[in-house]
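Asker: All chains, please: the whole structure from these sequences, using the hints.
Just so you know, the sequence shown maps onto residues 693 to 829 in our numbering.
Errors might be hidden in some of the hints.
Stated by the list, open to error - Computed beta-carbon distance windows for the label pairs:
| id | residue 1 | residue 2 | range |
| --- | --- | --- | --- |
| 1 | Ala709 | Gln745 | 18 to 24 angstroms |
| 2 | Leu823 | Gln792 | 21 to 27 angstroms |
| 3 | His708 | Ser801 | 34 to 40 angstroms |
| 4 | Gly827 | Ala709 | 34 to 40 angstroms |
| 5 | Ala716 | Gly743 | 17 to 23 angstroms |
| 6 | Val715 | Gln745 | 28 to 34 angstroms |
| 7 | Gly717 | Gly827 | 33 to 39 angstroms |
Don't read these hints as lab results, they were simulated from the structure. Here the structure is a predicted model, which means the values were calculated and not measured. The beta carbon of each residue, even a glycine, is placed where N, CA and C say it ideally should be.
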Amino acid sequence: SGTLGAGVNSDGSLAHAGDLSVVAGGTLSATGQNVAGGNVTLQGASVNLAGSQTSANGNLNLNAQAGKLDLTGATTSAGGALSANAQGALINDRGHLSSQGAATVSAGSLSNQGGQIVSQNALSANVAGALSNQGGT
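Answerer: Pasting the structure below:
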């Protein structure tokens, strides 16, 4: 429930610079607020952003190298391009995943029940296994 931020002004508003990069060898859990005036990279063996608010004025890269990427109930947005990759499951149930630029989603399986995956530009999805989009867009 904490905050990770880069390029944040003293009044809490975002500047137009400042990249946030967090890379973990194991599980990365950042379920609070994750913001950057520039680009954001969040990477781990598995990545838990459930319930979080994650935003980048620039590009947003999410990478679960060995396990799942959990965006359950999260609001995740990029002012630029968005890349969300999971070797295992990508879970966006009741979540909102959006980008102003191109969006690429790649996962072993994808669950977007009651969730939204939206791009103002091209959207590319590559799902190796099961895909569930009940009530999702």
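Asker: It remains to establish, for every hint, whether it holds in the given structure.
Answerer: The hints, checked one at a time:
no., hint, verdict
1, Ala709 with Gln745: 18 to 24 angstroms, "holds, 20 angstroms"
2, Leu823 with Gln792: 21 to 27 angstroms, "holds, 24 angstroms"
3, His708 with Ser801: 34 to 40 angstroms, "holds, 37 angstroms"
4, Gly827 with Ala709: 34 to 40 angstroms, "holds, 38 angstroms"
5, Ala716 with Gly743: 17 to 23 angstroms, "holds, 18 angstroms"
6, Val715 with Gln745: 28 to 34 angstroms, "violated, 21 angstroms"
7, Gly717 with Gly827: 33 to 39 angstroms, "holds, 36 angstroms"
Hint violations for this structure: number 6 only, all remaining hints satisfied.
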